[in-house]
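Work from the hints to combine the two standalone chains into their complex.
Residue numbers (our numbering), protein chains in the order written: chain V, 5 to 545; chain H, 112 to 152.
Quick caveat, the hints were computed from the structure, so don't treat them as lab data. All figures in this text were calculated on a predicted structure; none of them were measured in a lab. Be careful, since some hints might not be right.
[As the list claims (entries may be wrong)] No farther apart than 25 Å at their CA atoms in a straight line, the calculated lysine to any residue pairs in the SDA-like style are these:
id, chain 1, residue 1, chain 2, residue 2
1, V, Lys20, H, Phe129
2, V, Lys20, H, Asp114
3, V, Lys20, H, Arg117
4, V, Lys20, H, Asp118
5, V, Lys20, H, Arg121
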Amino acid sequence: MAYTAHAAAHDHHDHKPSGLWRWLSTTNHKDIGTLYLIFSCVMFFVGGAMAMVIRLELFKPGLQFVDPQFFNSMTTVHALAMIFGAVMPAWVGLANWMIPLQVGAPDMALPRMNNFSFWLLPFAFTLLLLGFFVPGGAPAGGWTLYPPLNLQGGDSFPMTIFAIHLMGASSIMGAINVIVTIMNMRAPGMSLLRMPLFVWTWLITAYLLIAVMPVLAGAVTMLLTDHFFGTSFFSASGGGDPVMFQHIFWFFGHPEVYILILPAFGIVSEVIPTFSRKPLFGYDAMVYATASIAFLSFIVWAHHMFTVGMPLAGELFFMLSTMLIAVPTGVKVFNWCATMWRGSLSFEPPMLFAIAFLFLFTIGGFSGLMLAVAPADFQYQDTYFVVAHFHYVLVPGSIFTIMAGVYYWLPKWTGHMYSMTLGKWHFWLSAIFVNVLFFPQHFLGLAGMPRRIPDYATQFADWNMVSSIGGFGFGLSQLLFPYIIYKCIRGGEKATSRVWEGARGLEWELPSPTPYHTWEVAPSMALIHQGAEHHPEQGGD
Amino acid sequence: MDDRLRDQQRRRARLMAFALMLLALAIYGGFILMSVHRSHG
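Okay, chain H solo, but in the shape it has when bound (with noise of 0.2 Å):
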């Protein structure tokens, strides 16, 4: 019961955390993307 449990959980986790990655990115790029626009650079 408790491995299926804690390989449900880790499961879950792998995605929560490619999720959480992906908004890092982004918020990497979109900060860079607008300082383009914002000075022609």
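Isolated chain V (complex conformation) (with noise of 0.2 Å):
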């Protein structure tokens, strides 16, 4: 095993403090990874209750369990919840596992500050919730609270715009955290052009954060202002601009996406070399491509606003950007299966969701496109076909790279294999469901189904009453994930330090389960050279 007897004895020498206080006051990176996945986990299942209830309503035409203004909060929740609690912290989770792991730090540079990014979250989010219960409800006038429909909710807005606030701001310091980590904490000898991509996407993701949340945080304070402080920014009666609005949140909003999705491309990077037994194909090229995305995705926001009326070179501008964001995405689906080829392939579930990433991302870009057209927008602007686009690209997408990170790292983190069946068994449903409920909204919206309504013309009945099943049949799946992986965590077949045979990185070069302080001795150079070189025929452990 290389790492070193040395440097293992270096780290049990450390206790780790148990019980809540632990948890409440824990410093440790993978301790505050845990409790970033363990949140966003749960606000997966309280996002995707609401995605039940949003499906059970329109499963037939016709109003049926809640009332519409309670279906409104439920898409306007259900958004924020899954973006800002489920995703977001996801990431987050992910990066604080696995970026001091990767880049041979002994832990985030500032840990007092990661234990309070974190702890903000769960405030931020009973905040959101208890909208619910105020008079008024919970915010209903969708999730990019554009006025003046946002300024008219009942008591939840200022707790909403709060709870924003906090979330931004939870945001902005892991993201420094990420930043001032891989910058200042790599190991000696480890290069920026050695980083493993997911250490690569992050980094740029973490730059995309800073440089946009700020952004979306003025936007929900001039929200604030207008509806409290009498000032008129977004109101025209007051020489305000309500379209002012829209331009500042899709400033932060575009951006917002590729947040979503660049780690996502990281998670990818790793996995499809490992099951593939090959390095990835064109290294640097996958390192220009996601800086490229980032920077284009500063100058395509208004495409989420075409149909406001702008000027014609206005709107060239914004679809010509748009589609240029194909090419660098191109060349990272074209390296991908670069990567496959006269690979030697083997389908654990990190290796499916991947693949399934691969063929339905690319689904979600080429709506994409068709939505970039800004004369066929006006056609498409707020139907389904733009709830399938966008799912297509955050499900199969981010979530279920998220999964495929899960399912990597899992027995690095606890030491214990987990059953392949039981993953295969969630990744097929999944996968099945997911188009059974997504695909059909295409049809839906090209038909003129608008978005957000509880109720519909019975045209549309088929439809919804098909994408209804595959939500059920997806939310019901996904309670096989939590299961999987506390069977994991109570026991199994021991893991061995490499995990999978192509694994390639420091990481590997851990025992499994890591101990609670890694790193405390920096790799050594020949170490670095030999998590990244490692090839399946060397031998792992």
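Structure follows, in structure tokens:
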């Protein structure tokens, strides 16, 4: 085993605190990573329960179960919970767990700030969800919080704004921690272009977060002052401009989409080479493509608002810049395919989720290209086609890769292998039902069904029923995920340190489960090279 | 050797974190200021 006895002895002299206090006060990156992942899982099921309410109501035309106001709250809070509560914390959790292990650092650079940024989140989401119990109900104007509709909310309005500020502060602190850890705490010899792709994609994501989360915070602060302090940033009657909110919001919102997806590219770039037993094809190109996508994400925002009316030159610019994103994204997709080409492939759950990502994210990308065409977008705007598009990007895109990442590193974290059979069941049920759920929504959108409505014309009934059946199937099959993790934590076949035959990288040089403290003695140059260049034919352990 | 290296790394990290925090605050304030001018808010 490459992790030396000296280093192991160094790790074991520290004791691990126990009980509730351990989790409240912990500054250990593995503990905080675990907290983020548990929080994300809880929010995934909270947001998922809201999705079930939405699909239940839409199972048949007519109003069945909930009133329209509550339905609108469901769509709004489902989105906020999934984006800010499930996907983003999951990425931060994976970053916390893996970045120090992958760059040879003993912990994140600012461990106390790390603890603080996590513990802001439960307060933020309690505040958001308490909105359901105050007069006027939870926010119902959509996750984009457009004024003037959103300013007409009830007592939950300031609670939502404060919750968003807390989430934003948490994200910015998390991002700062990631950047300063990667830029300063790398082991000697771990040059930037030797870093694993997951670290690279997270570094770029963190810069995006710092650039755009303050923009969202600024936008919601102005909403707050418009509502309570008599300003007119977005009120036309006072000299303000509601469309300006949309510009500011989407200047945040579009890079946010890449915040949700770039770490997914990193995970796929780790998983596919491992299970193809080949090095990643075009490592440098992958890094530059990620950076290009991040740059382009800042100059495409108005494609979300073609229909507000803008000069033709503006529409052309945003249409063409949006289409340009297909180039670096295409580089990535072809590189992943080239990595698999003539590889010795095996199909364990992480690889299955990564391959599903490749197919289904590409479908989401293609419908994105359709939406980028300005004249066509006038037809698609605010229809279920848009709902289908972004769910293809976020569910088989972000969520599937989070699952791929968890299934990939779980044996490293727990020291046990999980049930491959159950993992494959989880994959196949998810992959089938996600398509039954979202593919028909393309048809509904093209036929003209608007989004965010609790009732619809009878011509949309059939595909809505199919979509709801897919939704219930997908929701139920996700219960397997925590069960598999729980079983894996409790026991199972002992995991080796390398776990997967084709795995490469510093984290696989550590024993499984990873000790509480790692890399207190920085890994040697030889170990870094060995980790980066391990080939299965050289043997694992 | 390792302790000295880690201390040095942490010092640089704190400085960089402070600069990034200032950058985030500047973006926050900058967007609000820009909106004040744009909307006569």
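Identify every previously stated hint that the structure contradicts and give their numbers, smallest first. 1
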